[in-house]
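Undergrad: Residue numbers (the working numbering): 1 to 115.
By construction, these hints were calculated from the structure, which means they are not laboratory data. Beta carbons are placed, not taken as given, at the ideal position from N, Cα and C, and that holds for glycine. Just so you know, not all the hints are guaranteed correct.
Here are the simulated BS3-like cross-link-like pairs (lysine-lysine), alpha carbons at most 25 angstroms apart as the crow flies [claimed, not checked]:
hint: 1; residue 1: LYS99; residue 2: LYS76
hint: 2; residue 1: LYS76; residue 2: LYS43
hint: 3; residue 1: LYS87; residue 2: LYS65
hint: 4; residue 1: LYS43; residue 2: LYS99
hint: 5; residue 1: LYS43; residue 2: LYS87
hint: 6; residue 1: LYS65; residue 2: LYS43
Derived DEER-like restraints, expressed as beta-carbon distance ranges [said to hold, decoys possible]:
hint: 7; residue 1: ALA61; residue 2: GLN107; range: 19 to 27 angstroms
hint: 8; residue 1: TYR102; residue 2: SER52; range: 24 to 32 angstroms
hint: 9; residue 1: SER114; residue 2: THR28; range: 34 to 42 angstroms
hint: 10; residue 1: SER31; residue 2: GLN110; range: 25 to 33 angstroms
hint: 11; residue 1: GLY66; residue 2: GLN1; range: 33 to 41 angstroms
hint: 12; residue 1: ASN74; residue 2: SER115; range: 35 to 43 angstroms
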Amino acid sequence: QVQLVESGGGLVQPGGSLRLSCAASGFTFSSYAMSWYRRAPGKERELVARISSLGATTNYADSVKGRFIISRDNAKNTVYLQMNSLKPEDTGVYYCNAKVAYEYWGQGTQVTVSS
Numbered sequence: 001q002v003q004l005v006e007s008g009g010g011l012v013q014p015g016g017s018l019r020l021s022c023a024a025s026g027f028t029f030s031s032y033a034m035s036w037y038r039r040a041p042g043k044e045r046e047l048v049a050r051i052s053s054l055g056a057t058t059n060y061a062d063s064v065k066g067r068f069i070i071s072r073d074n075a076k077n078t079v080y081l082q083m084n085s086l087k088p089e090d091t092g093v094y095y096c097n098a099k100v101a102y103e104y105w106g107q108g109t110q111v112t113v114s115s
């Protein structure tokens, strides 16, 4: 079955960096676009970044453009989110997402940006 397992979250000071990873299994990873979403405290889940199946196209939320980079390694069935210049408003639970026959989510990884 489809599984998405995120890792790499943690506590970081404003201006710092983190790299999230999402290991995928149970489907042909290189055939599907992958996305990162986040849910900030008290807010609805929002799309952060998306990458096409072969990595040629990426899209970002306006709030993270120029700071976050989504990438993927199809040989490792893994998608990444490099987060730089982190701000307190980036705090939240980050989820990996794949739309295969259905929509699948990972369990999420907590990112806290605080001094």
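Undergrad: Hey, LYS99 versus LYS76, does the alpha-carbon distance stay inside 25 angstroms?
TA: With Cα atoms ~19 angstroms apart, LYS99 and LYS76 stay inside 25 angstroms; holds.
Undergrad: CB of SER31 to CB of GLN110, is that within 25 to 33 angstroms?
TA: Since the Cβ atoms of SER31 and GLN110 sit about 30 angstroms apart, the hinted range of 25 to 33 angstroms holds.
Undergrad: Is it true that SER114 and THR28 lie within 34 to 42 angstroms of each other by Cβ?
TA: With a Cβ separation near 39 angstroms, SER114 and THR28 satisfy 34 to 42 angstroms, so the hint holds.
Undergrad: When you take the CB atoms of ALA61 and GLN107, is the distance between them in 19 to 27 angstroms?
TA: 22 angstroms, holds
Undergrad: Is the Cα-Cα distance between LYS87 and LYS65 25 angstroms or less?
TA: 13 angstroms, holds
Undergrad: Against the 25 angstroms threshold, does the CA-CA distance of LYS76 and LYS43 hold or violate the hint?
TA: Violated: LYS76 and LYS43 sit about 33 angstroms apart, past 25 angstroms.
Undergrad: Compare the distance between the alpha carbons of LYS65 and LYS43 with 25 angstroms, and conclude whether the hinted pair is satisfied.
TA: With a Cα-Cα distance of about 20 angstroms, the restraint between LYS65 and LYS43 holds, given a limit of 25 angstroms.
Undergrad: Determine whether the Cβ-Cβ distance between GLY66 and GLN1 falls within the hinted range of 33 to 41 angstroms.
TA: 37 angstroms, holds
Undergrad: Just tell me: holds or violated, for the beta carbon distance of TYR102 and SER52 against 24 to 32 angstroms?
TA: 20 angstroms, violated
Undergrad: May I ask you to test the hint 35 to 43 angstroms on the CB atoms belonging to ASN74 and SER115?
TA: 38 angstroms, holds
Undergrad: Starting from LYS43, check that the Cα of LYS87 is at most 25 angstroms away, please.
TA: 16 angstroms, holds
Undergrad: Tell me if the straight-line CA distance from LYS43 to LYS99 falls inside 25 angstroms.
TA: 23 angstroms, holds
In terms of the numbered hints stated before, the structure departs from hints 2, 8, listed from lowest to highest.
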